[in-house]
Structures are given as structure tokens and as C-alpha cells.
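K.L.:
In case you want the letters, here they are:
There are 2 protein chains.
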Amino acid sequence: MARRARGTRTRESNTTGVVASPYIQRVLPYFDVLDEEQIVKLESQVDWIFEDVGIAFRDDPVALDLWRKEGAQIEGDIVRAPADWVRSLCAKAPKQFTQLARNPERSVTIGGTNQVFAPIYGAPFVRDLEGGRRYGDMAAFHDLVKLTYMHPNLHHGGFVTCEPCDVPVSKRHLDMLFAHMTLSDKPHLGAITEMSRAQDSVDMAEIVFGKDVMDAHCVIMGNVNTNSPLLVDKVVTEAARVYSTRGQGMVVVPFILSGAMGPVSTAASVAQAMAEAMMVCAYVQLLKPGAPFILGNFLSSMSLKSGAPTFGMPEPVISNYAIGQLARRVGLPLRCGGSLTASKIEDAQAAYESADSMHSTMMAGANFVLHSAGWLEGGLCTGYEKLIMDADRLGSYQKVLSQGLDVSDDAMARDAYGEVEAGGHFLGCAHTMRNYQTAFYEPQLSDSENVESWEEVGSKDMRTRANERVNHMLDTYVEPPIDPSIRDALAAYVAKRKEELPDAWY
Amino acid sequence: MARRARGTRTRESNTTGVVASPYIQRVLPYFDVLDEEQIVKLESQVDWIFEDVGIAFRDDPVALDLWRKEGAQIEGDIVRAPADWVRSLCAKAPKQFTQLARNPERSVTIGGTNQVFAPIYGAPFVRDLEGGRRYGDMAAFHDLVKLTYMHPNLHHGGFVTCEPCDVPVSKRHLDMLFAHMTLSDKPHLGAITEMSRAQDSVDMAEIVFGKDVMDAHCVIMGNVNTNSPLLVDKVVTEAARVYSTRGQGMVVVPFILSGAMGPVSTAASVAQAMAEAMMVCAYVQLLKPGAPFILGNFLSSMSLKSGAPTFGMPEPVISNYAIGQLARRVGLPLRCGGSLTASKIEDAQAAYESADSMHSTMMAGANFVLHSAGWLEGGLCTGYEKLIMDADRLGSYQKVLSQGLDVSDDAMARDAYGEVEAGGHFLGCAHTMRNYQTAFYEPQLSDSENVESWEEVGSKDMRTRANERVNHMLDTYVEPPIDPSIRDALAAYVAKRKEELPDAWY
Numbered sequence: 266m267a268r269r270a271r272g273t274r275t276r277e278s279n280t281t282g283v284v285a286s287p288y289i290q291r292v293l294p295y296f297d298v299l300d301e302e303q304i305v306k307l308e309s310q311v312d313w314i315f316e317d318v319g320i321a322f323r324d325d326p327v328a329l330d331l332w333r334k335e336g337a338q339i340e341g342d343i344v345r346a347p348a349d350w351v352r353s354l355c356a357k358a359p360k361q362f363t364q365l366a367r368n369p370e371r372s373v374t375i376g377g378t379n380q381v382f383a384p385i386y387g388a389p390f391v392r393d394l395e396g397g398r399r400y401g402d403m404a405a406f407h408d409l410v411k412l413t414y415m416h417p418n419l420h421h422g423g424f425v426t427c428e429p430c431d432v433p434v435s436k437r438h439l440d441m442l443f444a445h446m447t448l449s450d451k452p453h454l455g456a457i458t459e460m461s462r463a464q465d466s467v468d469m470a471e472i473v474f475g476k477d478v479m480d481a482h483c484v485i486m487g488n489v490n491t492n493s494p495l496l497v498d499k500v501v502t503e504a505a506r507v508y509s510t511r512g513q514g515m516v517v518v519p520f521i522l523s524g525a526m527g528p529v530s531t532a533a534s535v536a537q538a539m540a541e542a543m544m545v546c547a548y549v550q551l552l553k554p555g556a557p558f559i560l561g562n563f564l565s566s567m568s569l570k571s572g573a574p575t576f577g578m579p580e581p582v583i584s585n586y587a588i589g590q591l592a593r594r595v596g597l598p599l600r601c602g603g604s605l606t607a608s609k610i611e612d613a614q615a616a617y618e619s620a621d622s623m624h625s626t627m628m629a630g631a632n633f634v635l636h637s638a639g640w641l642e643g644g645l646c647t648g649y650e651k652l653i654m655d656a657d658r659l660g661s662y663q664k665v666l667s668q669g670l671d672v673s674d675d676a677m678a679r680d681a682y683g684e685v686e687a688g689g690h691f692l693g694c695a696h697t698m699r700n701y702q703t704a705f706y707e708p709q710l711s712d713s714e715n716v717e718s719w720e721e722v723g724s725k726d727m728r729t730r731a732n733e734r735v736n737h738m739l740d741t742y743v744e745p746p747i748d749p750s751i752r753d754a755l756a757a758y759v760a761k762r763k764e765e766l767p768d769a770w771y
Numbered sequence: 266m267a268r269r270a271r272g273t274r275t276r277e278s279n280t281t282g283v284v285a286s287p288y289i290q291r292v293l294p295y296f297d298v299l300d301e302e303q304i305v306k307l308e309s310q311v312d313w314i315f316e317d318v319g320i321a322f323r324d325d326p327v328a329l330d331l332w333r334k335e336g337a338q339i340e341g342d343i344v345r346a347p348a349d350w351v352r353s354l355c356a357k358a359p360k361q362f363t364q365l366a367r368n369p370e371r372s373v374t375i376g377g378t379n380q381v382f383a384p385i386y387g388a389p390f391v392r393d394l395e396g397g398r399r400y401g402d403m404a405a406f407h408d409l410v411k412l413t414y415m416h417p418n419l420h421h422g423g424f425v426t427c428e429p430c431d432v433p434v435s436k437r438h439l440d441m442l443f444a445h446m447t448l449s450d451k452p453h454l455g456a457i458t459e460m461s462r463a464q465d466s467v468d469m470a471e472i473v474f475g476k477d478v479m480d481a482h483c484v485i486m487g488n489v490n491t492n493s494p495l496l497v498d499k500v501v502t503e504a505a506r507v508y509s510t511r512g513q514g515m516v517v518v519p520f521i522l523s524g525a526m527g528p529v530s531t532a533a534s535v536a537q538a539m540a541e542a543m544m545v546c547a548y549v550q551l552l553k554p555g556a557p558f559i560l561g562n563f564l565s566s567m568s569l570k571s572g573a574p575t576f577g578m579p580e581p582v583i584s585n586y587a588i589g590q591l592a593r594r595v596g597l598p599l600r601c602g603g604s605l606t607a608s609k610i611e612d613a614q615a616a617y618e619s620a621d622s623m624h625s626t627m628m629a630g631a632n633f634v635l636h637s638a639g640w641l642e643g644g645l646c647t648g649y650e651k652l653i654m655d656a657d658r659l660g661s662y663q664k665v666l667s668q669g670l671d672v673s674d675d676a677m678a679r680d681a682y683g684e685v686e687a688g689g690h691f692l693g694c695a696h697t698m699r700n701y702q703t704a705f706y707e708p709q710l711s712d713s714e715n716v717e718s719w720e721e722v723g724s725k726d727m728r729t730r731a732n733e734r735v736n737h738m739l740d741t742y743v744e745p746p747i748d749p750s751i752r753d754a755l756a757a758y759v760a761k762r763k764e765e766l767p768d769a770w771y
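Protein chains in written order, with our numbering: chain A, 266 to 771; chain B, 266 to 771.
Here chain A stands alone, though its shape is the one from the complex (with noise of 0.2 Å):
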């Protein structure tokens, strides 16, 4: 059922072709959509959680230790906090920063006004049109960074973009980390599985980067989910004592799904995220003031039918745009939302529910959107075709955060109404031969032609046009440069730590 194998050429010269759009530098406006007595309300809740109600940190005394030794107040492992002293440490997390990449023109600045797209991460199974569904493998896996590396849309390259399933699970974060820094030129995310795994992550970016940059700067970020309801475990705060310690970047996402791991109204649940994920800001900054952090939201609704995931609904639309409202009076960093479906195939529900998605994400402001691309099946299956099709969509948001409205002299165009009368067109005018290169976005797998057109050339859905682009692409990929060094270096770490680590498969 694997795709067939394909033979990877390595490059000579020193460019790749592969033109990356830069992350986005938004000037549009935000979409404020609470009022001050919403926001008054939220505000207060969080900080009743704080204060009232707490949040557990689980299985992890070092943790507890600190929180103890700084003066929260502990009851068995539930961690409480006066509003004012967690809310002044989150104060000292970066308003924003720069990940750096491999190649500089890729290093991304993450809050503020910019904004960062980055493919799906930790679907068990992969999907495409000839290979079907099936569990994702390192093959499926090189494909995939391949594939995030080769698109303009994608700013970063996210981390499991399909879980490889045929290498054991204590050794696949090292296959991970080695296909991430040579297959692609992009930022990437490491592993949080372990402490050790966190561990091998960024002692492999201290490879590639050297220990002078990786002092100073950015590299590498660790991405994990807290435990909702207000449970963080020692994954969390262990991954922050690796990756917060050493001033690298720290995701902190609570997943809920509304009715289950939060209270089943969208204000409780988006309430809750903001608490626990600020709860865990704050012990990141008990660690490292200053360590960069970005606070995420992953908020699901709710089929009645049986109880399972829905995206794309009204009530995670409205969630993006209240908690990008929140993250920027909190000041955080914000990653949230994505283009994120149910549907277990690349149709019109996957479409129309990844865009709503994926719209009020890009008009919340979130800074850091994983799963921007490739998911279906609720983040189960990484589709390929579902990767390029979301991924030209996100050349449009692009053009509308990046540029808003252009209103300069030559936009309002006087110079073609001396030209165009009334009833005419302004196909030929100067002002259109001037601009129309620039005028418009057109994604490559939009067909726009007319019926007969696109009959003649065999009347392919978008999926089919996708699955020809996907083969395309990866018949054409040509590995970024790296310092041999560099590469030798990383795949003498690999071999070292296979030869330490046994094998495990869960």
C-alpha cells in the first residue's frame, strides 16, 4: 500500500528553488469580537481558576517543588495562585521572537503582528488517492517534510507530520529530527514524548545550530498538550525543563473538547484554556524569565449523534476569535485553530469545515497555526492531497493579512477612467497592463476554467488535481544544502543514541 520509492537527488549549487513565502507580517487590523463586559467576565474566570479553583500538576514533585518554594499554595498536587503574581510572570515571556532556521531566509518571528503556518502534527495514519488509508511510516514521513519543505505557503515545518509507525517509538523522535534537519531548510518543532526525547531534540539543534547561537537565539520549540481538565502532567513541565531551560521555545496547548475536558459551553472552555495554559507560562518563567512561550487553545465541539469531535463549527469559530482577543491582551504569543475537519476524505465537508476553520484562525491573529494543512479525520490521518490543497488556500489569507487593502495612488487607478469611457473595459488600459501581474492570487489547484475546458483536460475534482500536483512535487524535490559536517555529525548522534536506547513500541 506505500507509495513507490523515490530516489532523492541532492543538490550541487547552492540555491534549492524552493521559494518560501516569508511568514506573514500582518497589517490588517485584528476582529475584536468581545466587548469589555465579555472580556471582564473571561478575565475573572481565569483568575477565579487561578485562585479558587487551581490546576493540578501531576506526577512530578521537581515541579510542585518549585511551585512550593515560590510561594503557590499546594493542596495534594493542585497548585493555586494569586491572578496578579501568575498574570506578572506571564508579563515576562516575549511579547514575540524569532525561531531561527537552518537557512536564515526561513527563520520565522512568532506574536505580535506576524503570523506563522505550519502543516499537521501527530496523525497516526497517512491517506492519499493511490496508497489509500494506512499507518503512517518514515517513508510516508520523508514525504511529508518533502512536501511542507517544497511549499511557499508553509513557513514552518511543524514536527510529526504523520506518525512513522515502523520505527520503535523510543527511537522514531531520531529518524524524526534527522529527516526535518536535512530534508528541509525549514524550522521545525522536537520531541516531547520524554524528557530524554527532549533531550536528543535539542542537543541534535546544538548540532546543527552550534551551542553560541543556540544560547542566544531560538531553534528549536517543544509542543505539547496539557491534560484538560486543569491537569498538567510531567510530559509538560519535564519538556519545559529541557527545552524553557535551555531558552527555547515551549507550545503549551490545552485540548478540549467541550462537555468532556471542559465545561460544555465555549466561554467556560475557552476560560479554562487561557488558565491553563497561562498556569503553565508562569512555571515556564519560574524556570527561565524570559523563555519563550506560546500560549495555545485547541477547542473542539461536539457531534450529539455519538459524542465525537466536530470542526469547523460555529462554536471553535467564535473560540479563535475570542481567545486572539485574550492572547493579545495577555500579550502571548497565540497558536490556535488550523484547517481542521471530520471528514475522512479530501471532499467538500473537509473543505468547507477546514476553511471556516482555518478563516477565523487567520482573522483571530493566531501567531503560530499547526495544523494548518493535511488534516482529516479529526488529526488522525494526514492526507497528502489534504496538505497541498490546504496549503494553496493559504496563499490567499496571506495576500489578506500581509496586504490588506491597498489604497495608494496607483491602486485608486485614476489614470484608466481618462482612458476607459462608460460601458467599456479596462482590459488593454495602462493601469491594468501595469498591474495585472501582481493583481491577483490564484492557488495552482483552483480550476476557474469554463465547463467545456475543463472537461476537455478530463473533468478531475480538486483531489485528483491535488494527487498529480503531490507526484509532481516529490518527483522534483531536491534536498536543501547542508554542511557535510553538520549531517555527518547529526547522523553519528542517531547511531549513538539507537545503539543506547531498546527498542519499545508504545
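Hints listed in this document are in silico derivations from the structure and should not be mistaken for laboratory results.
As the structure is a prediction and not an experimental result, all values here were calculated from the model.
Hints may be right or wrong, so weigh each one.
Identical chains share a label here; the pair holds if one copy fits it or two copies do between them.
Lysine to any residue pairs mimicking SDA-like chemistry, simulated, CA-CA at most 25 Å apart [to be verified]:
no., residue 1, residue 2
1, K570, D324
2, K725, R699
3, K306, D671
4, K570, C694
5, K725, R398
6, K570, T741
7, K570, G660
8, K499, M738
Fit chain B to the supplied structure of chain A, relying on the hints for placement.
P.N.:
Using the frame of chain A, we list chain B on its own:
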């Protein structure tokens, strides 16, 4: 190729079983993307068009005479007028007005914070999974009126849901009006292609509502395009003389493909659209001060490959947001956007484009959204399945707009945190049990089940599910009750006019 004929049952009781969502009364704030400088630039361009460029009122001496008599500057057929005067005339139009429906429960208020969704208008072709693509006919028209009537998220019937090409052009408006007036009890539009057809529409509406009601209320509207650029032909001015003089509504819509009917820049096209529509509004207010008027905008981008119009792209998205803000400043109800796409079928392209187009339409505050469901092929084709797929998604927008984020005490769910421990779940707690049934909107056509459950019921994509729903709806359609004497009078009017009119096919 036509669908199988279906018997139309007439119901006897007084309830129709069709539950319509009320039109949207928005609580969500607007998304204002323009700053003061942009607004000044755009509005001064609009004023410059009024005063210096002018707009042609062609082939209609009656319209030109009125402008001349009222003091506009006429040169050939170009009308120029002081901007203050045009704006003061526009200010005479109501900021919002109610269009009565035959069933009072379905009357809609258009303008202000109200938003009303209507289906596609004007497609010569139809498509469904069984019949494929074919010319529209009266049977298809009946089907589409029924589906629109039955779908709770469509508040308004529109008018030309497809062109019934099997009826002569000279007579088809009569059959279309009769269908809207008897197969549905939602509000609808009338004909505009010729003055006598507009008159038939108004006369038939008077049969339904009676002269007194019609004298005091808007019960029907005409929707017309200007001939961009900068040209208003007699179709527009004659329709205005029929509808507006009778106190009925006019929707006036510049259709601008940027680079063809307007400059290739979005800002200039937006300003031109404002100027064209406002100039017609001014004309309408000269005819009858206070006549209901909807300022329309239909802006499309262009494929560089072929010059074909493209939809759901960043340029129309930003234009939707911008024109929403400009229309609110002028104080006129706005028609813009819709669920637009250039795709030929109900695939992911159709859904991505429709969703981005509609998301921005919705957030922009469009008060009357024609084309909110059913579009394919840039408006050349009405999809049966697409109509229902889009309409299902409209429920999500409806919830976002009309509910915003509920932060009531119950929504904050503090009692739930007394029941649920850290790491627990909210599935059975009292707050969830109180609220879960109304907590989430779930479109009927979204499948959020896991892949195994989805495969068990046939691995159906969204359009297959939509096709089943369409067939179920048409099979269970029941005609809404109507006073038999009104029905007879309408039938007699249609019969008499068909006698009088020649058969003309173009």
C-alpha cells in the same frame, strides 16, 4: 436527463412542518478593516466619480430628463452631480426595512444588524448527481423553489434559482412568480428583464398581498445589475420606475470583474461599485423618497491563465470586508458576496471557495445575501446538492452572528468545577446535562463519525449524502397553505398574460 417527476401533495392542515430559522439579528460586532485614511481615500474617489467622471444613464431619456430637471449636469448621457447632493439623496433611503412574506412568520427585515440569506440567482444550467449537467427547466425550477422553501437556513426565496429554459423568455417570469407564490411562502424577488415583466411581478404581488398592504409595505423587490463600468442602462431605470415608484425594493448590483469592468485594483473597483450603486440609489430617491434600496456589490478577481472570473480569492474577500464598512457609513442595506465558486462540481474547490467567500460575506455584515447557496461554475449552474450543502453551512454562520459568545453566569459553568476534578470529565455533570442539547450546531450533512463507522455506511462523500437529502426533501415536500381564491386569481392572471404575450425565446 431530467429528474424523475414527483407528485406534489397539497396539505390540508394549517402548519407546513417547515421550520424556518428566523433571519439573523446580529449581536456580533462588525469587522472594520479600513482605517480613517483608507476610508477618506475611498470615499473621495466615490465623490470624484460622482462629480468628475460621471455615470452614463443610457437609452432611457425618461431617466435622463429626471436628472436634468433635478439639476444634475448632463453631457451626452453622462450624469455628473455634486457628491453632497448624491449622498443626501441616498440618506433618504431607509437604513432598514421589512419585506413581508406571504406567511408573516417568514417576513424579513433587511438592513441594520439584520442578515438575510437567499439562494443562487440566474443560472441557465442545473446539475445534480443523478441527472448531471443540463439546461434548467420548469421542473428543476420547481424543485429548487421547494428545496429553498424547505431549508431552514434560507430566509428568502430569491427568484431565478435557475432559468427555466423550456418556457419562452417572454412568459417564464409568470411561471416563476406563480411557483414562488404557491410552492413557497417565503419572501422572494420579481422580474426585471423588461419593464412589463417588472409590472407583472408587482401586479401579481398585489394579488397576494392586496393593494392596501402593498401601499404600506415592501412585499417584493427587483434585483438588477448596472452595466459596469459607469453605465446604468434602461433595464435598471425602468425596473426602478416600476418597483420604487410603487414603494417596493430595489437591489442594485455592480458586477465588476476587476481588470475588465473595473480597474484591476480592488480598492478602485470597490469605489466604483459604491459610486454606481449610490448613483442609482439617488435616482430611486428622486423617483420616490424613502423607497427601500439595497446597495449591491459583486466583485470578482480574474485568472491570469484565461481571464476567467475566480471566486473565494483574497481580493473579493477583502472587498467584502471593506464594502461592509463603507455601506454602514452610508447607512444603506448591503448585498454582497455569497457562497461563490468557479468549480464545476461539488468538490473541495467548490467548498473552500464558497466558505471563504461566505465567511467574509457574513462577517462583513451583508444584509441581504443572494447566492448564499447553490452556486457552481461562477454562477452558470445551480447544483441541487450544492444548494443543500451550502445551506447547511449557513446555520453555522447564523449561530456565530446571532449568538456571539455567551458569557452569562450559566455559560461560565462555575458549578461544573465543583463537580469535576482535575483530570476528570464533564460528560455527566449537571451543567452539561442542562446544556448539551443546545450547545452545538451540527450541520446535517457533516459526518463526524470515526472512519470505521463511516465505511460501514458506505464511505459516502458529502455530495452523495447531500443527494440523498435532496431526494428525501423533495419526496416529503408539502405545499404550504394558500387561500384558494388568491391561488385562482394568480392562475388567471398568468393565463391571461400568457394569452397576451407572444412566444419569444431570447
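K.L.:
All hints are to be evaluated individually against the structure, with a verdict given for each.
P.N.:
Each hint tested on the structure:
no. : hint        : in the structure
1   : K570 / D324 : neither (36 Å within a copy, 60 Å between copies)
2   : K725 / R699 : neither (34 Å within a copy, 48 Å between copies)
3   : K306 / D671 : between (37 Å within a copy, 10 Å between copies)
4   : K570 / C694 : between (57 Å within a copy, 19 Å between copies)
5   : K725 / R398 : both (21 Å within a copy, 15 Å between copies)
6   : K570 / T741 : between (45 Å within a copy, 23 Å between copies)
7   : K570 / G660 : between (36 Å within a copy, 18 Å between copies)
8   : K499 / M738 : neither (40 Å within a copy, 53 Å between copies)
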